[in-house]
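Each chain is listed here by its residues.
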Amino acid sequence: MISSTQAPLTFSSVEANAGLKVALGQKRADILETLRRSGVRGRGGAGFPVAVKWNLAAAAQSERKFVVCNADEGEPGTFKDRVLLSDYADLVVEGMTIAARAIGAKKGILYLRAEYTYLVSHIEAVLERRRKESLLGQAVMGQNGFDFDIEIRMGAGAYICGEETALIESLEGNRGEPRNRPPFPVDTGFFGQPTVVNNVETLAWITTIFAKGADWFKGIGTEKSTGPKIFSVSGDCERAGVYELPMGITVEALLKEVGGENAKAVQIGGASGHCIPASEFNRAIAYEDVATGGSIIVFGPERDMLQVAHNFLEFFVDESCGQCTPCREGNAKLLEGVEMLQAGECSSRYLRELCQLGETMQLASKCGLGQSSPNAFLSIVKHFSHEIMSHKRAN
Amino acid sequence: MLVTDRDRMIEDIASWAETYGNARSALIPILQNIQKKYCRISDFAMQQVADLLEIHPVEVYGVVSFYSFLSEKPHGRFVIRLCRTISCDMAGKDAVAQQLENDLGIRFGQTTPDEMFTLEWANCLGLCEQGPAMLVNDQAFTRVTPEKVADIIEGCRRQLSVFASQRKEEHVV
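Top to bottom, those sequences are chains A and B. Going by the working numbering, 336 is the number at position 336 of the first sequence; the sequence numbering is gapless. Going by the working numbering, 24 is the number at position 24 of the second sequence; the sequence numbering is gapless.
I should point out that these hints are in silico values taken from the structure, not numbers from a laboratory. Think of the CB as a built atom: it goes at the ideal place given N, C-alpha and C, for glycine as much as any other residue. Any given hint might turn out to be false.
Capping the alpha-carbon separation at 20 Å, the derived lysine to any residue pairs in SDA-like fashion look like this [to be verified]:
#, chain 1, residue 1, chain 2, residue 2
1, B, K37, A, S121
2, A, K107, B, R24
3, A, K107, B, P29
4, A, K107, B, S25
5, A, K366, B, F66
6, B, K37, A, K107
7, B, K36, A, L378
8, B, K37, A, T117
9, B, K37, A, L378
10, B, K36, A, T117
11, A, K107, B, T19
12, A, K107, B, G21
13, A, K333, A, K264
14, A, K333, A, L378
15, A, K107, B, A26
16, B, K73, A, R175
17, B, K37, A, R153
18, B, K36, A, M154
19, B, K36, A, V120
20, B, K37, A, V120
21, A, K382, A, L335
22, A, K107, B, A23
23, A, K366, A, C355
24, B, K36, A, S121
25, A, K264, B, D89
Chain A regions said to be covered by chain B (calculated; three or more residues, Cβ under 8 Å) [claimed, not checked]:
#, segment
26, 74-80
27, 103-117
28, 158-171
29, 174-186
30, 214-226
31, 315-326
Make the full structure from the sequences, and use the hints.
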């Protein structure tokens, strides 16, 4: 029930602790160099180069540094991290251990969303086994001076805590309200100390890069988006589930893979992503074209796109942390606008104003949530105006 | 609340503060324990936690009101959270929602009078490929249909009656 992979993932062929062994045999600078050569970028959606992040944290001067695994997978349509933590938790923990070695951290925290509480006992068992095997704790793998252990911390039901500074606020016992950036967590993170926050999938790929080599990783995908990517596919398709596909794959090729060829639109990147109509199915899924944290939601020919926009905006109204005005008020206004469209009470002029409001939110919101929450609405208005306008007035 | 109940809660909170420490970062783990055991975080509990962590109770309230898995209002023994986000919506969550309301006799956001069940909407549960999905406390149910709702609810009632019979045995001993 917890796991549902359509085809074997590369992760299943990675030998236990092979990546960790290679990494711990290297000097810090070489670990960072391997990552730089692989070109791996953050798999959570933002796509920040891992090597840059780790370099900054490694260079920061502090006795106390932290490695945080972001397992607060809340983006609508994303479930790959759930599968990875069920089936490949060891690879994720190995990745955290490599990160600790690279930046000089002694403590790791795995921040797991409350909705995945059923995974805790499994992950705890993995950590406990690794402690017994000297892969965590004092002198990891017999290396004197390298002490590292991991604690699981539970989220409490807030989508915004997937944003790294909100996650850190939550760890510190506060409301999950994002901080201003800069300063970035690599410099001023958990308890004000240098902290790297990486997504579950990113950490598993890092382990794989050390096991299989940077060149193997770079050989897959495009120049700017290297490596394979794990996708979570749901909606109107024959074979929903988790897929491993190369970065740069076209929407069309992906749809063929999952049995969703007759789709009229695909939501790429979840509620905060973009809605791609059939006429643009030749676009590539990569950081340089349509970026995604892996969420793919397929809409069949019968779907009401206005209802889709309504569902997404309801989500954002609920999940906005309320800290900044563009996001708090903007999402509520957009939702109200969609309801006016549904009731046939929205003039074209007001719809244009709503689109301008959406653009303002993209510019003026404090964090990624508000900056990306209008994306779905704007792309649906742009591509499906024929469908969302001219609704009959109720009376 | 009876004085003895209060005493029990004071003891519980003190022991959790011992486990997690009394730094601010211990706040959420302590609150999660209170929520789990007492099905709510009352004003009294918030004041206790604030005293132990030496922060203002409003700070505690701010955190409780922010997170959807923490609540001031009393929750039932079983909190049913049905996912309402897009994939589960397309998979037919409305029919499941209607049957849940019919079987429990309450609306979303309400708790049954016997304090057994609370019905809530949840945002994406991360079970999108197996929708409609819902959580009953920590347990996930997938591909839920209106027909399956009754069995899931009966399963909860059976669990509770097992607890009740265990308690009875304890008394006999």
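Which of the listed hints are not met by the structure? Violated hints (numbers, rising): 6, 7, 9, 13 and 30; every other hint is consistent with the structure.
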